[in-house]
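J.: Spelled out from the first residue to the last, the chains are:
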Amino acid sequence: MRVVIAEDLALLRDGLTRLLEANGFTVVAAVDNAPSLAKALREIDVDVAVVDVRMPPTFTDEGLRTAIDARAARPGLPVLVLSQYVEQLYARELLSSGEGAVGYLLKDRVADVERFVDAVRHVADGGTVLDPEVVSVLLSKAAANRPVDRLTEREREVLGLMAEGRSNAAIAGRLFVTEKAIAKHTNSIFAKLDLPVSEDDNRRVLAVLAYLQG
Amino acid sequence: MTTTALAGETMSTPIDDPYPLPPRRRPSPLALTGLALVYLILGIPTLVVLIVVTVAIPFVALGIGVPVLVMFVPFLRQLARIHRYFASQVLRTPVPSPYHPRTSQGVKIVVQDWARDPARWRDLGWAYVSTTLGWLLSLIPVTLLLGVVWFAIFPFIYWVTPAGVFDMDWWVVQVHDQQSSFSMWIAAGVCALVWWLLTPPVSRARARLDLGLLSPTRSELERRLIEVSASRSETIDHSAAELRRIERDLHDGAQARLVSLGMSLGLAEQLLTTDPAAAARLIEEARATTTSALGDLRSVVRGIHPPVLADRGLVGAAQALSLDIAVPTSFAAVVPGRAPEPVETAMYFAVAEALANVVKHAHASAASVDLSYDGMRLRAVVADNGDGGADPAAGTGLTGVSRRLAAFDGTMVVESPAGGPTVVTMELPCVLSSPKTSPSSETD
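Residue numbers (the numbering used here), protein chains in the order written: chain R, 1 to 214; chain W, 1 to 444.
If you're looking for bench data, these hints aren't it; they were derived computationally from the structure. Misleading hints may appear alongside valid ones.
Quick partial rundown of chain W residues pointing at chain R, CB under 8 Å, derived from the structure [unchecked claim]: (1) Thr-291; (2) Leu-294; (3) Pro-307; (4) Asp-311; (5) Gln-319; (6) Ala-320.
The beta-carbon is built from N, C-alpha and C at its ideal position, and this holds for glycine as well.
Isolated chain W, as found in the complex:
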């Protein structure tokens, strides 16, 4: 595998995609040697990060270790991610991401979260092994290939260097003139054979070593499975309830109004000749009924998929939301592209619910909506200057939001001390498509 192929691949797969697709073909020894070279180079930053993190951990108690960890632990995770990806390609097995989802914000709490996540500790353990045993394993194919090249060009080198420099007199290998220097081609052949035979098993050994340390343990997979099934059944329940609500809204609202519209028009038809005045009144009534039927349909449509979201995507729709609410709300968005539609919809309803809470409960005089994307997650921050005291565990609309986001592996963090202000941060992991800059910022 070459590095360019990898770069293309990682860009199209989401970062920390739990199941990257294995390649169709077995990688060739040459590709594996290229990979080994990449491993050797990656060993340098890994060693640096390893030393920094190891030194910083004892200093966490003193406080100075915390910012260092905040800076370097994500590096370690990225290095581990790259190795996890390579290993999954070499062994052609999918590797799920082992990390716990983030549950909180704030520098100190993030470090605590990491400390509780066994996957982070395994990353560290892996870094020790990877920079020692792993590095030596990767050295083998590279050295062998360099040997092949060296022996192959040896006669040429012998020819250009002054006589005697490369003369050899070792047991069977005897080089003392230009002609005998070609005997080194035999060594090149032997070396090539060893390289050809040894590279695949050595590369697989390295990949297994990485995966053994970097993939989630059985208990972690079981925990993840339980989480996924729970969020799936919640999502199904939620959709079923939504469908029932839509059916009821249509049945009791628009449908009933259209029936009464038909009746009014039928009656008007009858009265047209006998009592034109009454007929005119009925037609007038019918017109009013069409307007309310349209109103009903509009609210149903908004509940299914808001039209602005369809027109403008998340950024436009969130801007429209912040314009529509009764509290003056500033809006800013830097999202270079479009998220997948289900993600946009989930985020839209989450922002809508958060804003609805601002209006209903916060007694705020100002609010703000911020959308951003950090390369991995789409983030929406809804803040207000109200009373605070919002509790997502109290079974309010916020619980619904957090469940809805959980279905997409997203998270919601509510910071709302009594007395305010309230900051709701919602994140959804996703990959943006059609990169186009749509920075937009407006203050109301």
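Chain R with its partners taken away, still in its complex shape:
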């Protein structure tokens, strides 16, 4: 898989390159500023981009903006955004830039190499990966009259893990139940969130979106 890495700190950029190459990715470009990232995403054929939010020249949220712009030009371009901190505002902006193929993780998550690599693959395959911190804030939101309120405690837990980008098998493993039980929960979630039955895997993304849009 071909990856573009955008990270301004050389130490982290080299670390990410090493980590991803050790796990079978090909790093086709590793850039340290937003204009180079935009150029790379325009000109190089990539499977996924791993992007830091804050980058030169202004050291604000240029990475995020560049990624969203690139997705506007190439819909569905898989982008995994890494950040020193997570902001719901940014998660929303990313998610509303087209269905799926986005990820938003705290930089800390890189330390758990296996899960991080899984997340990159998941995003490259068109999935959605949200940081557990974003998900937990969403879960704690006690809102009135939202479809999400119709969910049971357990279903909410499953939806939370789904938002983190896990497969049914992984969720089953995490909650110590059978995969079949999870399939039952997900179906009930889709029903309660009024998502029509289809073979499309995108229903998982739609469920997460419905959740975020409250």
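Following the hints, position chain W against chain R.
T.: Using the frame of chain R, we list chain W on its own:
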């Protein structure tokens, strides 16, 4: 001074800037005459406002005077502000704004506030003097300059008008043909000399007249000084406490975790050959420790300067706040530009504290955050539909907010009747930079 120079100047100085910078050069008689002309023109709206306000005051008791005053008193203040500014430029002295800060909202209470503020009454007194004596003073330089022009072009006028119309036969001045009409140039010269000599002192007299009525009295300045010193020492105390808290957080949190991380890794290094399984466990532990150390650092950074605030400025950061809290919160902002960074930070923490109170105390099911700018003040209104009964005097977080805002001459007004709803209005005077429209509105 010309009017265009003034317009440029007022735009770059904050409205009611207590200390506008005096110009480097003494204004020329021509500039002063231009200013006198501006004074003459300004006399017309001043007279209108003066009459309306004077008539409205007796009707306050009946209620109908109140809305009229609410409409016209700010006009009077703006007129006074312009004159205060001109006078400070002519006399090259700084003039502080004399008004009391606003303490409350609501039409009636605002009028009461004004009635208690001596500066507002002085504005009114000034309007009487300015439209009479002041106006006559300003007339002098303008009339003299018009005289110069008239006498200078007199021969030409004599030439184009039918013979005899402008003939004069006054004692030494005798004009009866084209040639003798040039004698008027002597009058023009005399007039120019008088104008040149008289304009500066007359202009200064007018400026002194305005300032005498419009600048704060000694006791007001003393009161203001006491306020400023109090808010300064509070700000210093507050910053010192903040620094101690940050030091403690770093020392007990991230620093301690990094030490334990070093120990785990050191031990793992030792065990690598003898007991690889134990070494792996230690490395795993070390990884978990880095995550919590990062968490600690993140919370410290948020307390110093929230990253979204750095990225997106106040509007984005306040929007992020309203998204993050557990109560569904609508957000709207119309702020055409960016406030100075310290103002943005102060307002951000004020909004954050107000929202934290909504979550902690209000038992609300909905809240709203509104940011706006009215040309003078950045305003944030945080409202909720909860129980109400919030009391900023009870030594809660709200007291801290109001102190923090006071350091920037800002105000906080809490309206929170028992049973709710609660509306917290926070205002900070400031000037926005880099005008760009960032209207943003979203409902959660």
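J.: None of the hints should be skipped; say for each whether it holds.
T.: Here's how the hints hold up against the structure:
{"no.": "1", "hint": "Thr-291", "verdict": "holds (5 Å)"}
{"no.": "2", "hint": "Leu-294", "verdict": "holds (5 Å)"}
{"no.": "3", "hint": "Pro-307", "verdict": "holds (5 Å)"}
{"no.": "4", "hint": "Asp-311", "verdict": "holds (4 Å)"}
{"no.": "5", "hint": "Gln-319", "verdict": "holds (6 Å)"}
{"no.": "6", "hint": "Ala-320", "verdict": "holds (4 Å)"}
Figure legend: structure checked against the earlier numbered hints; every hint is met.
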